[in-house]
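Got chain A; can you put chain B on it based on the hints?
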Amino acid sequence: MKPLQRKLWRELLHLKGQMLAVAAVVACGISVFVSMSSVKYSLEASRQRYYSRFRFADVFVEVKRAPEFYREMVSRIPGVASVSTRIIADVTLDVPGLDEPATARLVSIPEYRTPVLNDIFLKKGRYIEPGKPEEVIVSKPFLEANHLAPGDHISAVINGRKKELLIVGMGLSPEYIYEVQPGSFFPDKRRFGVFWMSRRALESAMNMSGAFNNMSLTLAHGASEKDVIMQLDNLFRRYGSLGAYGRSEQLSDRFIVDEIKQVGIQITFLPVVFLAVAVFLLNVVLRRLVATQRDQIAVLKAMGYSNEDVGLHYLGFALIPTAVGSVAGTLLGAWLGRGLMNIYGDFYNFAELVYYFRFEDVALSVLLSFGAAVFGALGAVRKAVQLPPAEAMRPESPAIYKPGFFDRESLRQKIPVSLRIIVRNLERRRWKAALSVLMISLAVAILVAGRFTYDSTERMVQVEFNAKHREDVTVMFNNPMPLSVAYAIASLDGVLEHEYYREESVKMGFGHRVRRQSIRGLQSSEGLQRLVDKNNRRLTLPQDGVVLTKTLADILGVRVGDRLQVDFLQGKQLHREVVVSGTIDEILGLSAYMNLGALNRLAGDGGALNAAYLRIDQAKAAPLYTTFKKMPGVAGIMMLKAMKESFDELIAQSMTTSTLILTTFACVLAFAVVYNGARISLSERARELSSLRVLGMTEAEVSVILLGEQALLTILAIPVGFLIGIGLSWLLAEGLSSELYRLPLVFSAYNFLFAFTVIIIVSALSGILVRRRLVTLDLVEVLKTRE
Amino acid sequence: MVASSPNVSTQSHQPPPVVGVFDEPVLNISELSKSYVMGEVQVDALKSVSVKFYAGELVVLLGASGSGKSTLINIIGGLDVPSSGKLFFHGREITAATEAELTAYRRRSIGFVFQFYNLISSLTALENVQLVTEIAEYPMSAKEALLLVGLGHRLDHFPAQLSGGEQQRVAIARAIAKRPELLLCDEPTGALDFQTGKLVLDVLEKVNRELGTTTLVITHNASIAGMADRVVRLRSGEIVEDRKNLERLSPSELVW
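In the order they appear, the protein sequences are chains A and B.
So the first sequence is residues 1 to 787, counted in my numbering.
So the second sequence is residues 788 to 1043, counted in my numbering.
You may find that some hints are simply not true.
Here are the simulated lysine to aspartate or glutamate pairs, DMTMM-like style, with alpha carbons at most 20 Å apart [as the list claims (entries may be wrong)]:
id, chain 1, residue 1, chain 2, residue 2
1, B, K873, B, E888
2, A, K163, A, D90
3, A, K2, B, E924
4, A, K383, B, E886
5, A, K2, B, D943
6, A, K132, A, D152
7, B, K839, B, E818
8, A, K2, B, E931
Note that these hints are calculated values from the structure, not bench results.
One chain only, chain A, in its complex shape:
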């Protein structure tokens, strides 16, 4: 090893605290980048693989009932590659150990196994046998949540008749990667499952022989989805089609695509912050190093070392910790990525969720980090290179101080000398002080933004599960019911309050913008369901007109007062116009609300009901549920409490993980900045502080001068960090929001308190570490050496 290299290594070892801090910040940045980009790639690749292996369809149509020969007709539409027809029906289940009825989505599969669209991945057990109509393959989440397995029996009410089903297999399908009950946003694994059943069995059970109610198709390469959808709509309108739609409106795919997009947003924002801090740290650490080694630089040059030799030598101080951070960050990133994929594996039901660790991502992030390192080191290295040797030989001329704000006569008397030293130091190098404040505040901001998602989710729970809904259960009917169903339900024992809604599928249009949408007709907005926006404000439903969620209004480009074109897709299929009477900024989904009476009038029929909200007497719940299980018109029930529990369980895990990661990283960041700041000012002022000690100041008094500066910077950084954190949260909320949901921008007092406490603790800790060095300063030695 050459002497200069040996010098580099020994001095790096000597500066290990500061260098490790730099390495840790680099490691955080790289690990986020590597883990997130590998997760993003893995999700994308797993999705692609799953879709192509199990032939996930491109376009879907749901109809009431259409003759099978349409399959042939559709396959002749230009651009259509393959077509599958199915029978799909939602039925109620009697699950052992579950009081309330669960819902099964029965999906037909060929009696003999042949490749079909939206095929099943058989995870366990076997395919159904021909001639055994009772055999079903059931989705994995439902089986696992209910502790069921192939070989178990389960009874279902299919078309009013109770049937005993035999589970023969456990399956998954690309259609239900995100498995939720229709009309719901969050999975309830215990109460909703997909059951694949023989087509022949379903035909006979549902009186659908020679007919289908669901069609899916794939498109030829380059075919226009829009054109095919238009032709399908023309064909199937008379069969009660709610309109064909592409993958982008398929709920499961929608969730995954959004998730991938959100991961992508996180890839950009966190690593950028960490790299910025790494640049800053390297800059201050190396500048200080070059300043303390002026004489060494001079002597190297005097000996004949070239500027390149000297420059590369000091660049080494930036590159080596970056290399250490890169290796650590890559390993950490691989580990984090795998962990995150496991969480995704619980959330999404992939046939196989393969974790791809990509060296391209590692290479890119390492390259970026080294770029940042060089950038950070550049100023200091340039200074080392440009330092004329003769000037380097002379001690640095004393720093120029000027009287500052606190030196005014009036203030001077009141401010102790130690504080004056602190303030003058900060005033002298305002830019450095400002940058230090900015860097510490970034740590605060990450803490705030990390907890923001938590607060936001809390608000989501609060609004969606408390403020908006007061019902205990929602009873879904499998067909629109006449208004008289209300009397039947009201008469059931244990029903305390009941309210109904109508859900009409329509095409909404304004100008050239058209959208498939459902309008929900509510009896009132003051009863069991209320209209509550994301800021927890209530809105009263007007008697006339339609209220759109803000996002839907934006998509359609309408404002309050505009007249909306409405095409009913079922019933009399009327074409109507309705006034937009209000908008509401809701958290979840896209919705349109109307007063039930107004909707009935608009639809031009006597009125219909699709579901009931009920508040029930918990003591009488069990017999009531038993009644529902037997009622032929009931497709299933949704329980608010169960949905909240499953939401809590699913979200809590990923939320806790991400908050933990962000908190840890923010701590690393804060520690690195504060510790380095204090170490550098110790190195800059060792002589000064020793002189003060020799003059009779106590250790404590000297510590105040040294650490007071860092303390002041930290205190200043906290409110700045709050502001940046709020801004960062806003960006996150904007970036993470989609048609599916919008994160409300809320901050609890606890959020700020948490960030405050963490920063204070981390700063105190780094202060203590630096103070230990101050105490062990050899006064005589420090004073003897030349500056």
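The following block gives chain B in isolation, referenced to the frame of chain A:
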């Protein structure tokens, strides 16, 4: 470690002989001036200095602090550039050299010894010398250089483990290991006590005598002048005296 590097092999090459007439100066300095700004003050460090130095001479540059002697030696060593005037090294104008040429000049021809030794504290005595032997063209081995200054037994000590005199001798070993034509010493005994200082001067004298290196020693200590062939005195940036010693004293005979 020593044998592994070709540059520091004990079978070192000899430098090519200097071609030229004996009276031709190694250094020819003509009307050299230097002023610089320190803090908010302008300092005229050198005012139109002209002087010649000849091969093999041991010259003592005498002067109080601020007389301009360090500035002069820094310019001679290519560490600093004059505000005006010219400096020729073997007839080649150093004041017109580029940064790269200056680096090569220092690397090939100049050895520096500083008042505060300026050793790299993270490198051992041997490694400090190797810093030079690594990049020099015809170096002696680092060990040889340290033996020459009487530190053969302290090779693996770090600067912090050496006394001031020992550190200065390491610095001298480092300066001479490349067999420079010109050895520039800036207050080499300034930070040392009488006894140790004499030991260091002994080494300088020995190097001058045995290697024939042209040696310029800066000092404010007039007693040291006794060991020189020639004494040049500076005051306020000007040469006020330039005399030859009739007899060179050995450092052990010096008293201060």
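Do the hints match the structure? See the list:
1. B:K873 to B:E888: holds, 16 Å
2. A:K163 to A:D90: holds, 14 Å
3. A:K2 to B:E924: holds, 16 Å
4. A:K383 to B:E886: holds, 16 Å
5. A:K2 to B:D943: holds, 15 Å
6. A:K132 to A:D152: Status holds; Cα separation ~15 Å.
7. B:K839 to B:E818: holds, 11 Å
8. A:K2 to B:E931: Given that 20 Å is the threshold and the Cα spacing comes to 18 Å, the pair holds.
Going down the numbered hints, you'll see the structure goes against none, and every one checks out.
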